[in-house]
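J.: So the chains spell out like this:
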Amino acid sequence: MGIEGIQKIGPITVSDPDKAEGAEIELMRRTCTEPISDPDRWTEEDLRRNLLVTSLDTVINWSRRASIFPLNFGLACCAFEMIATAASRFDISRFGMEIFRPSPRQADLMIVSGTLTWKMAPALRRIYQQMAEPKWVIAMGSCAISGGLFHNSYSVVPGVNLIVPVDVYVPGCPPRPESLLSGVQALYQKIKRQSIAKNDKPGPDTRDS
Amino acid sequence: MLTDYSYVALLLVCAVLFVAVVIGLPIVLRRFRIVPHNPGGLKATTYECGMVTWGETWVQFNFRYYFYALIFLTLDIMVVFLYPWAVQLKELGTSALLSILVVLLVVAIGYIYAWKSKAFEWE
Amino acid sequence: MPRMTNPAPTQEIADRLEREIPGSVAERTDQHIAVKPEALLAVASVLKNTPELDFDYLNWATAVDYSSHFMIVYNVVSLKNNLSLILKARCDNRQDPVVPSLTGLWKGANLQEREIFDLMGIRFENHPNMKRVFLWDGFTGHPLRKDFALK
Amino acid sequence: MTSYEAMYQTEPFLLNAGPHHPSTHGVFRMRLTLDGEVIQDVEPIFGYLHRGVEKLAETLNYTQAIVLTDRMDYLASMSNNQAYVLSVEKLAGIKVPERAEYIRVIMAELMRIASHLMAVGFLLNDMGAFMTPVLYMFREREKIVDLFEMVCGQRLTYNYMRIGGLSHDLPEEFIPALQKLVDTMPRIIDEYDELLAENEILLARARNVGILTRESAINNSVAGPVLRGSGVKWDIRKADPYSVYDRFTFDVPIGSVGDVYDRYRVRIQEMRESTGIIQQAIKALPAQGEIQAAVSKNLRPPVGEVYGHVEGPKGELGFYLVSDNSLHPYRLHVRAPSFINLGALRELLIGVKIADASVIFGSIDICMGEVDR
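Protein chains in written order, with my numbering: chain A, -1 to 207; chain B, 2 to 124; chain C, 15 to 165; chain D, 56 to 428.
Read the hints as simulated data drawn from the structure, not as lab findings.
Bear in mind the structure is a predicted one, so any value in this text is a computation, not a measurement.
There could be a bad hint or two in this list.
In silico lysine-lysine, BS3-like type, Cα no more than 27 Å apart, as pairs [unchecked claim]:
hint : chain 1 : residue 1 : chain 2 : residue 2
1    : D       : Lys145    : D       : Lys198
2    : D       : Lys198    : C       : Lys160
3    : A       : Lys17     : C       : Lys62
4    : D       : Lys288    : D       : Lys145
5    : C       : Lys121    : C       : Lys145
6    : C       : Lys62     : D       : Lys293
7    : D       : Lys145    : D       : Lys352
8    : C       : Lys121    : D       : Lys293
9    : C       : Lys160    : D       : Lys110
10   : D       : Lys150    : D       : Lys338
11   : C       : Lys160    : D       : Lys352
12   : D       : Lys293    : D       : Lys150
13   : C       : Lys121    : C       : Lys94
14   : D       : Lys352    : D       : Lys235
15   : D       : Lys408    : B       : Lys117
16   : D       : Lys110    : C       : Lys145
17   : B       : Lys44     : A       : Lys17
18   : C       : Lys121    : D       : Lys288
19   : C       : Lys145    : C       : Lys94
20   : C       : Lys121    : D       : Lys408
21   : C       : Lys94     : C       : Lys160
22   : D       : Lys408    : C       : Lys62
23   : B       : Lys44     : A       : Lys188
24   : D       : Lys110    : A       : Lys17
25   : D       : Lys293    : B       : Lys119
26   : C       : Lys62     : C       : Lys50
27   : D       : Lys293    : D       : Lys145
28   : D       : Lys408    : D       : Lys110
29   : D       : Lys110    : C       : Lys94
30   : D       : Lys293    : C       : Lys94
31   : D       : Lys145    : D       : Lys110
32   : D       : Lys150    : D       : Lys352
33   : C       : Lys94     : D       : Lys150
34   : C       : Lys121    : C       : Lys62
35   : D       : Lys338    : D       : Lys198
The following block holds chain A by itself, in its conformation from the complex (with noise of 0.2 Å):
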């Protein structure tokens, strides 16, 4: 078995895969207990922007917000509310949202709908972090906000932004198709007011291991 390949996680290299996956997993839950701050910080304060760089802004923002690309990153019952937001009677596409990317290196937005459990949280952390810049996440349903009904479940995430920051949190377990179409409209609003003078940058890196 070829070394490169073994991530290094932490202290620990270990030849077994579950062991190195069960101690990442371990690691993840002593470290990630508070939740991460949202990404708004260019919400508050007003800035000083010339007309040129407002232009710029309304028109990169526009591109950006015209055709996100979402990442179906289904886990659980949400997940079919989503598929059935994309399906021909509640059409995302209206939105720009047309094709549902299953890897991460061709999504801008990842909506983790459904429960996150403690296995899954390291993929979770991973595929976020190969996605590329500007990218968003809209937390869907009440197990991806707060672990919901499973909240005090011995393998359940209270909570996706332990791991990932969250732009858009949509209530509802499972959220209709309409509020999630409601929670992609208050991204966009959100992405409106994103500007290029701040330059920061939309999702920090989360902890890397």
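Put chains B, C and D on the given structure of chain A with help from the hints.
T.: Frame of chain A; chains B, C and D shown alone:
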């Protein structure tokens, strides 16, 4: 006569322009930090369904895949010869036809040999 | 009356088991038969292989933690004569509970026994792949035990 | 082995068809050892959606646990409700009024159609007919989901059935809407069937692929359309008729070879049977009548244990309940058909090419909420 080549020149200019814009634009935007750009970290790791890649990836594959590719290559090169011949068929006359048949015969022998040595069976 | 999966005649089966493997039946009610853990494998092969019983379909397997002991519960069904029998095995040792594995007779028991090991902590000897099935490798404790506090 | 193959020794290659993979219908992971394209070994890895439902059920009382059952097999919430509620009624000896039984049968059969639509749609999606059949199947499912929403207000997790009956009675416009749906459904299923059954691509990808013989199906204790696809005539609605199923006449379709095509055909045929059952149920539905037996909210069933099972869309879905006469179930075990059906996956996938692996996996039709519980 010269004007005929003007289209080629125009095409050349468009091509170069297109390539310059497509490659240059991200570099310019990145330099003025309009577009976020931070590679590295976990982003550079290979994506394998959210898991850590494990084990060797430079492994020795079964030979039949290479054999299949070689056969495709032989037939692909044939196309390079067939196209100009087919376009000028009338002027070249039957002598060209015979020479192409010889070339096709040679390739056919190689093809049948590959077929008989079970290159196309996947089991 | 259409055919019903009527609970198997436990009296009849218990007597037959007692005849073939003396001392194996620990307890019998008209819902279930409880056998001693060490005789479980023999009893299961009798149930499966005797032609007229023919319990060829293991429906499900689970375990219950009665805080003084564990109880492994199997439900075997005979598809041919539409009978369903609940087979139990009691396991008193709480530190290192071990029960013979039935994957030799029914391949369907493989995953379910791994689930019992993962959530209840009962090990099955000569099980081909005795590992946790749901929880990750570093997880300490077995959640479905009564002494495992949720939060 | 021809000469050149013997000469070149190949090395296995480890690949994760991991938790986040388009064709694994949720967070299911298969660690594949590959020789080129052929799968040498498969290790299915579960647990990426394990939420500890059985442990949480021990902290809730009997009525609250209904909510948990919705989220297990989220494609067949009504059947989950019915299975759980059935076993509690069997334990506590509660008689359900006649009208509630008929409504439960209608809901369960509608759920079976919706779940089979999803199974067939995503199976064809894996086979390469990208998104077109799924979008058609979603159009039908939206009609069924509208009916459920009309009855209980939710689209996916219905929480509709209660111990001893139902939470709401049918609104007036339900039966006409149901009648319209059930009248058009056979024609729509025939349309899909004609479109797909003779399609040679589907035949090439499904015929004699992933054959599960009759004996190994029984030995692996698979259930539902997978078992019936292998030619075993075993359906809980016939073998152990619960609720009012003994009053309906319907046929149990079975396959012959046990390959992907037979499982597909069994599901399509079952959809037709379900529409037949709903037609009969609409006629026999008592117009008025109680829909909820007198059951106290904090029910304390007698000490004892029970196993109640239902023929869910994925297979036999059973609840093994142990009660100690307290408010909370002492132990609740779920016989999850998707989880047990996956026991046969490894046997089906070894020696198969990757492209067929996702088709075979799709034909088993699992739902991760039920696999990982």
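J.: Now, for every hint given, state plainly whether the structure supports it.
T.: Hint by hint, here is what the structure shows:
no. : hint                 : result
1   : D:Lys145 to D:Lys198 : 33 Å, violated
2   : D:Lys198 to C:Lys160 : 44 Å, violated
3   : A:Lys17 to C:Lys62   : 38 Å, violated
4   : D:Lys288 to D:Lys145 : 26 Å, holds
5   : C:Lys121 to C:Lys145 : 16 Å, holds
6   : C:Lys62 to D:Lys293  : 23 Å, holds
7   : D:Lys145 to D:Lys352 : 17 Å, holds
8   : C:Lys121 to D:Lys293 : 25 Å, holds
9   : C:Lys160 to D:Lys110 : 9 Å, holds
10  : D:Lys150 to D:Lys338 : 22 Å, holds
11  : C:Lys160 to D:Lys352 : 25 Å, holds
12  : D:Lys293 to D:Lys150 : 21 Å, holds
13  : C:Lys121 to C:Lys94  : 19 Å, holds
14  : D:Lys352 to D:Lys235 : 36 Å, violated
15  : D:Lys408 to B:Lys117 : 24 Å, holds
16  : D:Lys110 to C:Lys145 : 20 Å, holds
17  : B:Lys44 to A:Lys17   : 23 Å, holds
18  : C:Lys121 to D:Lys288 : 20 Å, holds
19  : C:Lys145 to C:Lys94  : 34 Å, violated
20  : C:Lys121 to D:Lys408 : 24 Å, holds
21  : C:Lys94 to C:Lys160  : 38 Å, violated
22  : D:Lys408 to C:Lys62  : 35 Å, violated
23  : B:Lys44 to A:Lys188  : 24 Å, holds
24  : D:Lys110 to A:Lys17  : 25 Å, holds
25  : D:Lys293 to B:Lys119 : 51 Å, violated
26  : C:Lys62 to C:Lys50   : 17 Å, holds
27  : D:Lys293 to D:Lys145 : 18 Å, holds
28  : D:Lys408 to D:Lys110 : 39 Å, violated
29  : D:Lys110 to C:Lys94  : 35 Å, violated
30  : D:Lys293 to C:Lys94  : 13 Å, holds
31  : D:Lys145 to D:Lys110 : 22 Å, holds
32  : D:Lys150 to D:Lys352 : 16 Å, holds
33  : C:Lys94 to D:Lys150  : 31 Å, violated
34  : C:Lys121 to C:Lys62  : 13 Å, holds
35  : D:Lys338 to D:Lys198 : 21 Å, holds
The structure does not agree with the numbered hints 1, 2, 3, 14, 19, 21, 22, 25, 28, 29, 33 stated previously, though it agrees with the rest.
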